[in-house]
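With these hints in hand, go ahead and build the complete structure from the sequences.
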Amino acid sequence: MTEAIVHQMPEHMARQAWRVVVVGAGGTGSAVLPSLARLHHAMLELGHPGGIDCTVYDDDVVSSTNVGRQGFYPNDIGSHKASLVVNRLNVLMGTRWRAVTQRLNGRTAMYNVDLVVGCVDTRIARKAILESIAGASAYYLDCGNDTDRGQVILGQMMPRAALQKSPHRLPHVGDLFPELIDPSQDAADEAPSCSMAEALRKQSLVINSAIAVQAFNLLWTLFRTGTLKYSGVFVNLATGRTNPIPIDPAAWARFGYEAPSAPVPKARKSRKSKAKS
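Sequential numbering of the sequence shown, starting at 0, is according to numbering that gives the first Met the number 0.
None of these hints come from the bench; they were simulated from the model. Computed from a predicted structure; not experimentally measured. One should not assume that every hint holds.
[What the hints assert, rightly or not] Okay, derived cross-link-like pairs now, DSS-like style, lysine-lysine, Cα gap no bigger than 30 Å in a straight line:
#: 1; residue 1: 164; residue 2: 228
#: 2; residue 1: 228; residue 2: 126
#: 3; residue 1: 126; residue 2: 164
Structure (structure tokens):
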């Protein structure tokens with residue numbers, strides 16, 4: 000039986016504001032962002048020096064089918080989702096967050112970031128996120144869902160040179176599930192639903208909130224304790240079950256991911272004095 004691994008939060012995240020980017024302000028994003036604002040407020044109340052400094056990317060606008068299923072109202076129809084959510088939180092919570100009303104693509108390099116939260120529903124979007132933070136030292140929290148199930152997976156991105164030296168790096172969603180970042184497997188029919196009823200037949204009304212709660216709890220635990228004993232959760236509303244992903248190379252191997260071996264320390268050379276001739 001392998002010994003449980005406890006992940007430690009990087010020290011700098013206890014000393015300065017968390018630089019967070021949220022990609023997607025729709026179904027899951029509009030549920031995650033208010034939770035992030037609550038976490039920001041709690042962090043400050045508990046003495047954290049900066050809380051959360053957040054930027055939100057989404058180029059989409061509110062449609063009539065979004066009302067009721069996402070965090071929007073009839074008067075919001077036609078406005079950009081990112082701007083609506085960010086402006087409301089800035090007014091209500093006193094944050095100074097930013098909205099970028101454009102789509103994130105793989106050419107948007109992000110290095111000065113601590114955490115990227117992906118609230119996207121396509122593989123091509125998920126791949127673009129990973130490409131944008133390739134080479135950075137940052138967490139990637141993937142919040143993905145289907146009809147009535149989904150996953151929340153916290154992984155770490157690192158420069159290539161550091162990967163082999165970090166056997167306990169948290170694998171990200173692309174490490175554990177390569178098919179989830181393969182655009183060729185995206186469904187051919189991704190046209191928006193024509194009505195609220197049609198949208199609800201495709202997806203549970205509860206799944207986005209359920210995923211957001213698990214993401215919120217993971218980040219709250221990371222901040223409050225500075226540690227994690229699991230790095231993700233599977234949610235299945237059809238069975239009413241949630242299953243954690245333990246921080247364990249043996250568990251990762253069951254998904255097909257092989258963690259790098261721990262580097263072998265170099266043997267010290269003996270300091271034998273040489274006799275003078």
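Now the hints, each set against the structure:
1. 164 - 228: holds (21 Å)
2. 228 - 126: holds (27 Å)
3. 126 - 164: holds (24 Å)
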